[in-house]
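J.: With these hints in hand, go ahead and build the complete structure from the sequences.
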Amino acid sequence: MAFKSLSKSEKAYIQASLQSNSSLRGDGRSLQEYRTISLETGVAPLANGSARLNIGKNDAEAGGGTEILAAVKLEVEDIEHGERVDQGRVTCSVSCSPAAYPLASSGGLDDLQHDYSTFLDDILSHPSITPANLGIVRGKKAWLLALDLVVLSDSGNVYDAMFMAARAAIWDTKVPRTRSVEYRAQKKQEGDMDVDEEKQSGLDTRQVKAATDFELEDYWDEGIPLVGREAWPICVTLNLLSSLHFLDATSQEEAATPLRLLLVYSVASKSTPALQGMQLLGSGEVDVAQIKKLIQDGEKHASQLLAAINLKLRDEEVRLTDKARLKFASVR
Amino acid sequence: MQITFTSFPSQSGLRSAYASATKHATEDDEDAYMDVEPFDDFESDSSRLTCPGETLTSAQSFMRGHGTYVDNDDVISSVAGTVERVNKLITVRALRTRYNPEVGDLVIGRITEVQPRRWKVDANSRQDAVLMLSSVNLPGGVQRRKLESDELQMRNFFEEGDLLVAEVQAFFSDGAMSLHTRSLKYGKLRNGQLVTVPPILVRRLKSHFFSLPSGVDLILGLNGYIWVSKHVKESEREGEEGFDAEAVYSNRNDDIDDATRTAIARVTNIIRILAAHSVPLTDVVLLEAYEWAVEQDADVKGLLQEDVSDALVAAVTSG
Numbered sequence: 001m002a003f004k005s006l007s008k009s010e011k012a013y014i015q016a017s018l019q020s021n022s023s024l025r026g027d028g029r030s031l032q033e034y035r036t037i038s039l040e041t042g043v044a045p046l047a048n049g050s051a052r053l054n055i056g057k058n059d060a061e062a063g064g065g066t067e068i069l070a071a072v073k074l075e076v077e078d079i080e081h082g083e084r085v086d087q088g089r090v091t092c093s094v095s096c097s098p099a100a101y102p103l104a105s106s107g108g109l110d111d112l113q114h115d116y117s118t119f120l121d122d123i124l125s126h127p128s129i130t131p132a133n134l135g136i137v138r139g140k141k142a143w144l145l146a147l148d149l150v151v152l153s154d155s156g157n158v159y160d161a162m163f164m165a166a167r168a169a170i171w172d173t174k175v176p177r178t179r180s181v182e183y184r185a186q187k188k189q190e191g192d193m194d195v196d197e198e199k200q201s202g203l204d205t206r207q208v209k210a211a212t213d214f215e216l217e218d219y220w221d222e223g224i225p226l227v228g229r230e231a232w233p234i235c236v237t238l239n240l241l242s243s244l245h246f247l248d249a250t251s252q253e254e255a256a257t258p259l260r261l262l263l264v265y266s267v268a269s270k271s272t273p274a275l276q277g278m279q280l281l282g283s284g285e286v287d288v289a290q291i292k293k294l295i296q297d298g299e300k301h302a303s304q305l306l307a308a309i310n311l312k313l314r315d316e317e318v319r320l321t322d323k324a325r326l327k328f329a330s331v332r
Numbered sequence: 001m002q003i004t005f006t007s008f009p010s011q012s013g014l015r016s017a018y019a020s021a022t023k024h025a026t027e028d029d030e031d032a033y034m035d036v037e038p039f040d041d042f043e044s045d046s047s048r049l050t051c052p053g054e055t056l057t058s059a060q061s062f063m064r065g066h067g068t069y070v071d072n073d074d075v076i077s078s079v080a081g082t083v084e085r086v087n088k089l090i091t092v093r094a095l096r097t098r099y100n101p102e103v104g105d106l107v108i109g110r111i112t113e114v115q116p117r118r119w120k121v122d123a124n125s126r127q128d129a130v131l132m133l134s135s136v137n138l139p140g141g142v143q144r145r146k147l148e149s150d151e152l153q154m155r156n157f158f159e160e161g162d163l164l165v166a167e168v169q170a171f172f173s174d175g176a177m178s179l180h181t182r183s184l185k186y187g188k189l190r191n192g193q194l195v196t197v198p199p200i201l202v203r204r205l206k207s208h209f210f211s212l213p214s215g216v217d218l219i220l221g222l223n224g225y226i227w228v229s230k231h232v233k234e235s236e237r238e239g240e241e242g243f244d245a246e247a248v249y250s251n252r253n254d255d256i257d258d259a260t261r262t263a264i265a266r267v268t269n270i271i272r273i274l275a276a277h278s279v280p281l282t283d284v285v286l287l288e289a290y291e292w293a294v295e296q297d298a299d300v301k302g303l304l305q306e307d308v309s310d311a312l313v314a315a316v317t318s319g
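So the protein lines, in turn, are chains A and B. Residue numbers for the first sequence follow full-length UniProt numbering, beginning at 1 and rising by one. Residue numbers for the second sequence follow full-length UniProt numbering, beginning at 1 and rising by one.
These are computed hints drawn from the structure, not numbers from a lab. Check each hint, because a few of them may be wrong.
[Claimed, not checked] DMTMM-like cross-link-like pairs, simulated, lysine to aspartate or glutamate; straight-line CA separation at most 25 Å:
id, chain 1, residue 1, chain 2, residue 2
1, A, Lys-11, B, Asp-257
2, A, Lys-140, A, Asp-213
3, B, Lys-301, A, Glu-40
4, A, Lys-8, B, Glu-159
5, A, Lys-73, A, Asp-322
6, A, Lys-11, B, Asp-254
7, A, Lys-8, B, Asp-254
8, A, Lys-11, B, Asp-122
9, A, Lys-11, B, Asp-217
T.: What follows is the structure, encoded as structure tokens:
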């Protein structure tokens with residue numbers, strides 16, 4: 001919890017444990033180890049894509065862990081006066097449940113939501129990663145992809161959890177198939193009225209194909225997945241304590257570490273991870289040489305995390321398809 | 001780096017378990033079912049579980065207590081918990097609730113605020129507890145009156161975030177509890193880490209201080225806060241010969257070796273597992289669980305795995 005205070009001796013205990021030779025953590029993990037992550041996609045039936053993610057929840061426990069709910073909603077947007085003619089855009093917002101931060105004042109909660117939203121929106125709404133198939137009618141209409149996240153509970157490592165949940169929701173998103181519609185005015189010949197004949201020139205270049213609207217195609221599935229979902233970024237939070245760094249801090253560990261470095265990577269298939277964004281949280285300073293090294297370490301962690309999450313997402317996809325097939329069979 | 005992804009426990013599994021349970025109930029002898037419905041068997045010692053909205057009894061013959069309300073001449077439960085009766089008073093004690101303090105309880109709290117002549121303490125109760133400056137041990141050894149100089153240096157004793165173990169002394173008129181630390185057993189906590197469990201799982205025991213083999217001390221707060229720390233020998237406790245304020249209110253940890261840290265982490269995980277499986281925590285249970293864990297030679301992290309934790313719970317509850 002971001003607002004949890006620790007006593008000096010608790011902080012000292014955690015720091016000393018991390019820095020000891022065997023670097024042991026409060027729950028017996030090693031420095032580079034994540035807690036168990038639970039993930040489920042397709043949790044919100046009314047969203048175009050959704051996911052629920054929990055880090056560190058014990059199976060039998062009712063609560064606990066950092067829990068994030070992410071949902072994607074596609075809206076049709078007029079882009080006639082916008083700058084980008086053939087692409088939709090992505091917006092992202094985060095809201096925090098008051099239950100996640102019971103000690104926060106209402107103002108504090110708003111600040112926190114704003115911080116989270118700004119960081120995620122800056123990175124995720126960047127044109128370089130906007131999915132290519134969000135356009136509907138060139139120059140007229142496009143999908144606006146609204147990604148909403150809710151922090152249901154926070155026991156540390158919220159940023160990683162939010163990015164993972166966002167990735168899962170994006171992965172789950174299906175863009176409805178559309179077909180462009182063109183309107184053609186029908187010329188009517190009316191009786192004896194004297195009508196000026198429009199002269200058709202063979203050299204008229206104004207005659208561009210002008211699709212004005214669209215209709216939804218009737219198709220058996222819900223649509224097509226987003227193009228470039230593999231490259232959707234993922235965050236690795238390095239918690240820095242003097243010279244060492246560790247991953248997936250609990251809220252107590254977060255309270256005991258002075259600095260956190262958020263590194264956001266985007267990995268287009270098989271290539272090396274590209275740094276998409278970074279932020280340093282906390283009071284303290286790190287010199288450039290150390291940052292360089294941390295970025296390299298982060299790359300390694302990011303590709304491992306990515307491999308793991310992709311595997312899980314594919315599993316989820318299979319599970320959802322099976323579920324849909326069973327449902328279909330039972331209806332018939 | 002190690003990452004494990006799992007799925008959430010499936011809802012359908014729960015549902016089928018519930019379905020089979022209800023099916024079982026309907027297959028049961030109808031007479032047994034009828035016995036419960038009018039709710040006459042308060043006399044029997046067996047505790048009865050109830051869920052919100054369940055009709056308990058008629059309001060004409062019984063009085064409603066905590067956790068119930070009256071609607072249409074029926075006493076209805078408003079929480080999930082066990083039904084209790086004293087004469088004609090029906091109460092439901094909720095399963096998941098905040099800590100209900102009683103005088104004499106041993107609690108662990110965290111300072112949230114320093115106020116004039118008092119500290120506010122979070123003790124997992126509905127309201128913050130109060131620790132008066134007059135109810136802590138002041139430097140100087142003998143029990144003495146508080147001075148103005150003590151008021152000015154309250155943060156030297158306890159500051160925001162500090163953990164302390166204390167006893168519930170009395171209640172204020174608004175229901176907030178007043179704590180005291182006027183014993184050498186009580187005071188500031190260091191050399192360890194805190195685990196939080198539902199308060200209902202901590203039973204009242206002869207002593208809430210005890211130590212496990214391999215040098216781990218445990219303090220079970222009745223408010224569900226449990227302090228796991230390095231063992232301090234009886235003779236080396238602060239204040240044995242005279243009261244040493246410097247040591248009692250110190251923020252510095254002793255040197256703790258890796259073996260002890262591992263043991264502390266192991267005990268912490270054991271407590272978490274037992275709490276997740278709703279096993280009431282007593283010194284006997286914890287000792288047994290710890291010995292089981294050492295015997296199985298499971299590493300600290302491995303304890304949290306589902307099969308290991310299930311085996312641990314089975315081993316402890318069967319004995």
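J.: Would you mind confirming whether the straight-line C-alpha gap from A/Lys-11 to B/Asp-257 stays at or under 25 Å?
T.: Satisfied, since the Cα-Cα distance of roughly 17 Å is no more than 25 Å.
J.: Quickly compare the C-alpha distance for A/Lys-8 and B/Asp-254 to 25 Å and report which way the hint goes.
T.: Holds, at roughly 13 Å.
J.: Would you mind confirming whether the straight-line C-alpha gap from B/Lys-301 to A/Glu-40 stays at or under 25 Å?
T.: With a Cα-Cα distance of about 24 Å, the restraint between B/Lys-301 and A/Glu-40 holds, given a limit of 25 Å.
J.: Tell me if the straight-line CA distance from A/Lys-11 to B/Asp-254 falls inside 25 Å.
T.: Holds, at about 13 Å.
J.: Quick one, are A/Lys-8 and B/Glu-159 close enough, alpha carbons at most 25 Å?
T.: holds, 9 Å
J.: Between A/Lys-73 and A/Asp-322, does the CA-CA distance stay at or below 25 Å?
T.: holds, 24 Å
J.: Given the hinted pair A/Lys-140 and A/Asp-213, is their Cα-Cα distance within 25 Å?
T.: holds, 8 Å
J.: For A/Lys-11 and B/Asp-217, compute the direct alpha-carbon distance and say whether it is at most 25 Å.
T.: With Cα atoms ~19 Å apart, A/Lys-11 and B/Asp-217 stay inside 25 Å; holds.
J.: Below or equal to 25 Å on CA atoms is what counts here, so check A/Lys-11 against B/Asp-122.
T.: holds, 18 Å
This entry satisfies every hint, going by the numbered hints stated previously.
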